[in-house]
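Residue numbers (the working numbering), protein chains in the order written: chain F, 1 to 98; chain H, 1 to 254.
Simulated from the structure, these hints should not be mistaken for laboratory data. Since this is a predicted model, take the numbers as computed values, not measurements. We put the CB at the ideal spot given by N, CA and C, even for glycine. One thing to keep in mind: the hints can contain errors.
Said to hold, decoys possible - Chain F is faced by these chain H residues, among others (derived, beta-carbon under 7 Å):
#, residue
1, THR54
2, GLY110
3, GLU207
4, PRO211
5, THR224
Unchecked claim - Far from chain H, some chain F residues (derived; all Cβ distances over 12 Å):
#, residue
6, ALA22
7, PHE31
8, HIS44
9, ARG55
10, ARG84
11, GLY90
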Amino acid sequence: MEERTAAMRGDPVVGLTVDANAIGGLLLEVFGRDVTAMEERCAHCGTRSVVGALRVYMRGPGVVVRCPTCTEVVLRIVETPSGRRVDLSGATHLALPR
Amino acid sequence: MTDAAAAPARRTLDWQLATVAAVRAETPTVRTFTLSLPAWAGHRPGQHVDLRLTAEDGYSVERSYSIASEPERAREVDITVERIEGGEVSPFLHEVVIPGDRLEVRGPIGGYFVWEASLGGPLLLVAGGSGVVPLMAMVRHRARAGSRVPARLLFSSRGPDEIIYRDELDRLAAAGDGLEVLHTLTRRQPDGWTGYGRRIDEAMLAEVLEPLGASARAYACGPTALVETVANCLVRLGLPPDRIRTERFGPTGT
């Protein structure tokens with residue numbers, strides 16, 4: 001999958017949406033494990049989705065992850081000089097089985 | 001730098017040092033790199049690796065590449081990389097990297113876009129351009145695992161010289177174990193071409209899906225626009241959305 005994480009660093013090559021599977025490595029850093037096969041519930045519409053099927057937008061200054069059903073924001077990840085900020089307010093839960 | 005290759009990697013999160021064992025041209029703009037990974041814990045067909053390049057001044061870039069090889073090959077993976085003009089990583093891989101070089105890799109990553117023989121079928125695979133790479137891992141695994149699950153691969157390329165893995169796909173389809181490969185060439189069709197000659201559309205998908213039936217599992221990978229089309233058409237053709245798995249990789253068009 002060529003250059004698909006490029007926009008996370010401001011590379012103009014990448015636009016549009018990709019599947020959250022593509023940011024599995026970034027999510028691995030955030031959660032400490034591979035969550036792409038885990039289930040998430042959207043706080044806006046209540047739909048349960050597999051994390052890997054969420055939609056990712058990387059053209060802005062951070063990574064925005066949206067619900068594939070209602071397109072509302074589920075998760076935001078932004079790199080700042082003081083560290084990484086993770087906004088999970090768009091998800092009511094993330095199921096992490098043993 | 002510590003010698004990550006000498007110690008077993010305990011977690012996917014750890015970066016490992018891979019040694020480039022081979023480089024092979026697939027098409028004029030696509031190359032396959034075989035990465036030797038002594039501590040590799042194995043992968044599932046459809047997963048990817050993250051690759052990290054670090055410059056002398058500390059600047060580093062990461063990219064994700066789908067694994068092309070089947071998990072039956074131990075301690076090494078193939079990644080197949082399309083050269084993107086103006087990219088930061090793919091021109092380096094194409095022009096600079098030679099066997100013996102070392103690259104930082106972590107993975108395998110991704111539990112969603114995965115197919116294993118134990119999941120069964122029938123199997124519909126739809127690829128656009130280098131989107132064929134994770135599907136190739138599935139097709140190679142299917143053959144190595146002795147699976148006879150009915151499978152059809154619909155593969156969209158621009159022209160005949162741009163069909164990635166063409167010879168191997170011909171061989172796999174000729175094995176008579178239930179795999180069929182159908183090509184569409186969107187820009188240039190050679191004389192006597194008997195495959196499709198247009199972009200993937202609903203009529204084409206209906207024809208390709210028909211022998212498999214509505215219980216098929218579908219995997220579509222390619223440029224975002226192509227994958228959107230495929231996913232929407234398959235839902236209209238009656239496939240349950242939870243049996244359609246997608247991997248969109250951005251705006252690169254075929």
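Hint by hint, here is what the structure shows:
About 14 Å separates the beta-carbon of H/THR54 from the nearest beta-carbon of chain F, more than 7 Å, and the hint is not met. Using the Cβ-Cβ criterion of 7 Å, the hint placing H/GLY110 at the interface with chain F is satisfied: the shortest such distance is roughly 5 Å. For H/GLU207, the interface hint is violated, the least distance from its beta-carbon to any beta-carbon of chain F being 26 Å, above 7 Å. Nearest Cβ of chain F to the Cβ of H/PRO211: about 27 Å, over the 7 Å cut. The hint is violated.
At about 5 Å, the closest approach between the beta carbon of H/THR224 and any beta carbon in chain F falls short of 7 Å, and the interface hint on this residue holds. Look at F/ALA22: its CB is around 6 Å from the nearest CB on chain H, not clear of 12 Å, so calling it non-interface is violated. Annotated as non-interface, F/PHE31 brings its C-beta within 12 Å of a C-beta of chain H; the closest such distance is 10 Å. Listed as a non-interface residue, F/HIS44 keeps its Cβ farther than 12 Å from every Cβ of chain H; the least gap is roughly 19 Å.
The non-interface label for F/ARG55 is inconsistent with chain H: the shortest C-beta to C-beta separation is roughly 8 Å, within 12 Å. With a cut of 12 Å on Cβ distances, F/ARG84 stays outside the contact zone with chain H, its closest approach being about 14 Å. Every CB of chain H lies more than 12 Å from the CB of F/GLY90, the least distance being 19 Å, so the non-interface label holds.
The structure is inconsistent with the numbered hints 1, 3, 4, 6, 7, 9, although it conforms to all the rest.
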